[in-house]
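Q: I would like the entire structure built from these sequences, with the hints used as guidance.
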Amino acid sequence: MKSGDLFRKVLLASAISFALTSAPLMAAVTDQDIANDATTPNDVVSYGLGLQGQRFSPLDKLNTDTVKNLIPAFVLSYGDEKQRGQEAQPLVHNGKIFVTASYSRVFTVDAKTGEELWQYDHRLPDGILPCCDVVNRGGALYDNLFIFSTLDAQLVALDQDTGKVVWKEKMEDYKAGYSNTAAPIVVNGKVITGVSGGEFGIVGKVEARDAKTGKLIWMRPTVEGHMGTLDGKDNGITGETNKSWPGDLWKTGGAATWLGGTYDAETNTLFFGTGNPAPWNSHLRPGDNLYSSSVLAINPDDGKIKWSYQWTPHDGWDFDGVNEFVSFDLKQADGKVIKAGGHADRNGFFYVLDRTNGQLISANPFVNKITWAKGIDLKTGRPEYDDANRPGAPSAAEKGQSVFSAPSFLGGKNWMPMAYNPNTDLFYVPSNEWGMDIWNEPISYKKGAAYLGAGFTIKPLNEDYIGALRAMDPKTGKVVWEAKNKAPLWGGVLTTAGNLVFTGTPEGYLKAFDAKTGQELWKFQTGSGVVGCPITWEQDGEQFVAVPSGWGGAVPLWGGEVAKSVKHLNQGGSLWVFKLPKTPS
Amino acid sequence: MNMRVLASVTLSLSLVASSLFAAGLDDIKNKGVLSVSLYKDFPPYSYVADGKQTGIDVDIANALAAKLGVSSQIRLVGADENVEDDLRNNVWKGHYLGGGVTDLMLHMPVDNAFAEKVDKVKFIAPYQLEQVAFAFDTNKVGKQPTLANFMSDSIGVEIDTLSDVYLLEAMQGQISKNIRHFENLSKATTALKAGEIAGVMGPRGELEGLLAEHPDTIQIQSLVTPGLARSNWAMGIAVKADNEELVKAINESMAALVKDGTVKKIFEQYKVTYTPPAIAPEVTAKN
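Quick mapping for you: the protein sequence lines, in order, are chains A and B.
Each residue of the first sequence is one higher than the last, beginning at 1 in this note's numbering.
Each residue of the second sequence is one higher than the last, beginning at 1001 in this note's numbering.
No lab work stands behind these hints: they were computed from the structure.
Since the structure is predicted, the reported quantities are computational estimates derived from the model, not experimental observations.
Be aware that a few hints might be false.
[Claimed, not checked] Pair ranges (Cβ atoms, derived):
| id | chain 1 | residue 1 | chain 2 | residue 2 | range |
| --- | --- | --- | --- | --- | --- |
| 1 | B | Glu1183 | A | Asn462 | 40 to 48 Å |
| 2 | A | Asp159 | B | Asp1085 | 33 to 41 Å |
| 3 | B | Thr1138 | A | Lys212 | 52 to 60 Å |
| 4 | B | Asn1082 | A | Asn368 | 28 to 36 Å |
| 5 | B | Thr1138 | A | Asn357 | 32 to 40 Å |
[Unchecked claim] Taking lysine-lysine pairs in the DSBU-like style, the calculated list, with each CA pair at most 30 Å apart, reads:
| id | chain 1 | residue 1 | chain 2 | residue 2 |
| --- | --- | --- | --- | --- |
| 6 | A | Lys564 | B | Lys1271 |
| 7 | B | Lys1093 | A | Lys486 |
| 8 | B | Lys1052 | A | Lys175 |
| 9 | A | Lys175 | B | Lys1120 |
| 10 | B | Lys1093 | A | Lys567 |
| 11 | B | Lys1240 | B | Lys1029 |
| 12 | B | Lys1040 | A | Lys251 |
| 13 | A | Lys82 | A | Lys164 |
| 14 | A | Lys564 | B | Lys1240 |
| 15 | A | Lys175 | B | Lys1240 |
| 16 | A | Lys567 | B | Lys1120 |
| 17 | A | Lys447 | B | Lys1271 |
| 18 | A | Lys459 | A | Lys486 |
| 19 | B | Lys1031 | A | Lys251 |
| 20 | B | Lys1040 | A | Lys447 |
| 21 | A | Lys82 | B | Lys1031 |
| 22 | A | Lys82 | A | Lys486 |
| 23 | A | Lys447 | B | Lys1259 |
| 24 | A | Lys447 | B | Lys1093 |
| 25 | A | Lys175 | B | Lys1040 |
| 26 | B | Lys1187 | A | Lys233 |
| 27 | B | Lys1052 | A | Lys447 |
| 28 | B | Lys1240 | A | Lys567 |
C-beta atoms are modelled at their ideal positions from N, C-alpha and C, and glycine is treated no differently.
A: Laid out in structure tokens, this is it:
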């Protein structure tokens, strides 16, 4: 008994002292918080609701029965005239909601009241020419920092309480065409980023910095022939120089890592996708052009490549391979579980790979029309090209023959992240049905000089819809259900243990679907197109949902037939927050 | 009474109308400023030297402004993916990051087929015929090289240009392995002078301007380029399409500057051969 009492006292004392010492540290986001993000519904501290990127929440108060009672809690306007594409995923921690906005801005609001706590407007230099709109896709939380990347290719760490800059690092020279819009991730104290600037002359890379100071730890180029670094020293060349590129084209090979990456703790692996190779005309660069349009599995400790898989070898259609690679358990019929990863590519195929070694398990279309390849050979892992449908070489003097190619270069799925629900074993893929006419364009000019370019027009494949949210079974490769949408889908997806799937539409709705059947259960008009990423969390016993609203991104920058479905949409810029009240009225 | 009201209404209407249609030239004269977009870091046409805007296009823009009796305001801009983008960013719409548009942009193609595609602007006042040429090191390829020399000798190009695309496929791809890609022709011509490469292919004006001072062993000339779809094009000025009075004023001013020898003198000052586009630019070879 005595010893028991003593034990209890010690326990109590240690609990008190633990509480006392840890109280001031409550705000600090730890590696543990990030590692557990997918299973701790009181906060959202990482892009993807967990670094695997499943975008699954175990919360179930909000479910197929109760979602009808979901109501707005508050809304924050981003203000001023900078109302373009709001593609971010918000984060929630320590009673604050953090969200990035177009033109490299950050807003933080009180999660209870919606009152703005601080705003950070990054000062952008004159003369930046970012491709594809001025979006930002989100930040990362670590320690007392909110870390995000900017249009002028800087990485900025702000104090979570004040919004003041703690450190700022130049990732690349914006004058050389570099930019950054992706959300960084933090893995074991390192902040991991890619780089964007899809245009000519750049080379993609993945970098790891000390998240507390911004100091570079390692760098891994994504094109073969380039030297990686670790702690300022050479750390081996990526691939083998000139193995899959002619001449010196590898020096400017593209393969930008502009969408960031995911991380799987079980295999201690980063997964970063790469963009298309340069130049655009594939006839000028015979070979596979590694590691363009690929996924690279990278060791987060030293930046070494563990394995790679190329979605579109020798790309000739501008099929960036940057879309997210989402780790999940592939449950076999015999009860065995394979550590797998799912990926819905621009090129229209949904791939399942063994994430321990990059072996292809399956590849099936998630869109209705694919012209560039007849299929993916499961033995070799390579596409069976349809050579007749490869765009021609533009050096032919006259306007060359026009090739119709599907999907269009905007992809069967673009940047917007899909979600995986371990309860339904389904992936929810925001997809689009469109193709493109491509032809040689001899009458074109660049920097005032004659040039041989390519002309293209994007065309919807169906009269009544372009977008389709599709539930994909990774075991069978079959589409289980789909929900069509008139305009192209451009927003991220969220799924929950409440058997729900959330996504937004350019027409302005945030929608909730039954995760098993695809039945639309709830929608709310936010006033502008929803191209951001929804999140959910629990606060004071109530379940919340938040999503940015604000039409923009790459779609309205391209004309053609697609423009008709989006030209009437109004721009905006706001953060909508909803909640399921404890006692619905 | 009624008549007077009507008259004053008519008067004010016509005032509004004329100020709408003549906005361009009137505004320029009222403000006393002609705004012009030129490509930045683009010697010998438009660049900054010793902190000062310098170059052929800079001088031409200044001379045009002087003819109009106003001062010039030159904006040096980065090149976007193609000229259509540059015109949208700088002449008829403005970039979505802000900054607005300028009255003119120089170094723009005057090409009927291209003008049909780009109807938001008018291409006027052609002032130079640009053509593709080669600069080469006679120590490496002799004084009369042909394209075939570069099947064994290295040749530099500015990345992602007509010359780049042409050489990658020329001679059945036999040259491609010898191409050295440079960010711009300044760097390519520097490598040529340093003896690192045997030749450079690019627009003659740029090569001449960049190699204004060069050793005797470097020569600049045209070579036979089988299969090259376009070897020359006229450059002129882009103005927003509905700005008729400004179009007229610029056309007249340029004609006067050509006639009194100002344009020729400007080109000569930068050691660039002045080739007035007297005839329509050569049309695509096979068309």
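Q: For every hint, state whether the structure bears it out.
A: Status of each hint after checking the structure:
no.: 1; hint: Glu1183(B) to Asn462(A): 40 to 48 Å; in the structure: 44 Å, holds
no.: 2; hint: Asp159(A) to Asp1085(B): 33 to 41 Å; in the structure: 39 Å, holds
no.: 3; hint: Thr1138(B) to Lys212(A): 52 to 60 Å; in the structure: 59 Å, holds
no.: 4; hint: Asn1082(B) to Asn368(A): 28 to 36 Å; in the structure: 32 Å, holds
no.: 5; hint: Thr1138(B) to Asn357(A): 32 to 40 Å; in the structure: 56 Å, violated
no.: 6; hint: Lys564(A) to Lys1271(B); in the structure: 51 Å, violated
no.: 7; hint: Lys1093(B) to Lys486(A); in the structure: 29 Å, holds
no.: 8; hint: Lys1052(B) to Lys175(A); in the structure: 20 Å, holds
no.: 9; hint: Lys175(A) to Lys1120(B); in the structure: 28 Å, holds
no.: 10; hint: Lys1093(B) to Lys567(A); in the structure: 17 Å, holds
no.: 11; hint: Lys1240(B) to Lys1029(B); in the structure: 17 Å, holds
no.: 12; hint: Lys1040(B) to Lys251(A); in the structure: 24 Å, holds
no.: 13; hint: Lys82(A) to Lys164(A); in the structure: 21 Å, holds
no.: 14; hint: Lys564(A) to Lys1240(B); in the structure: 25 Å, holds
no.: 15; hint: Lys175(A) to Lys1240(B); in the structure: 28 Å, holds
no.: 16; hint: Lys567(A) to Lys1120(B); in the structure: 19 Å, holds
no.: 17; hint: Lys447(A) to Lys1271(B); in the structure: 21 Å, holds
no.: 18; hint: Lys459(A) to Lys486(A); in the structure: 13 Å, holds
no.: 19; hint: Lys1031(B) to Lys251(A); in the structure: 48 Å, violated
no.: 20; hint: Lys1040(B) to Lys447(A); in the structure: 10 Å, holds
no.: 21; hint: Lys82(A) to Lys1031(B); in the structure: 29 Å, holds
no.: 22; hint: Lys82(A) to Lys486(A); in the structure: 26 Å, holds
no.: 23; hint: Lys447(A) to Lys1259(B); in the structure: 28 Å, holds
no.: 24; hint: Lys447(A) to Lys1093(B); in the structure: 18 Å, holds
no.: 25; hint: Lys175(A) to Lys1040(B); in the structure: 11 Å, holds
no.: 26; hint: Lys1187(B) to Lys233(A); in the structure: 28 Å, holds
no.: 27; hint: Lys1052(B) to Lys447(A); in the structure: 22 Å, holds
no.: 28; hint: Lys1240(B) to Lys567(A); in the structure: 24 Å, holds
Violated hints, listed in ascending order, are 5, 6 and 19; each of the other numbered hints is respected by the structure.
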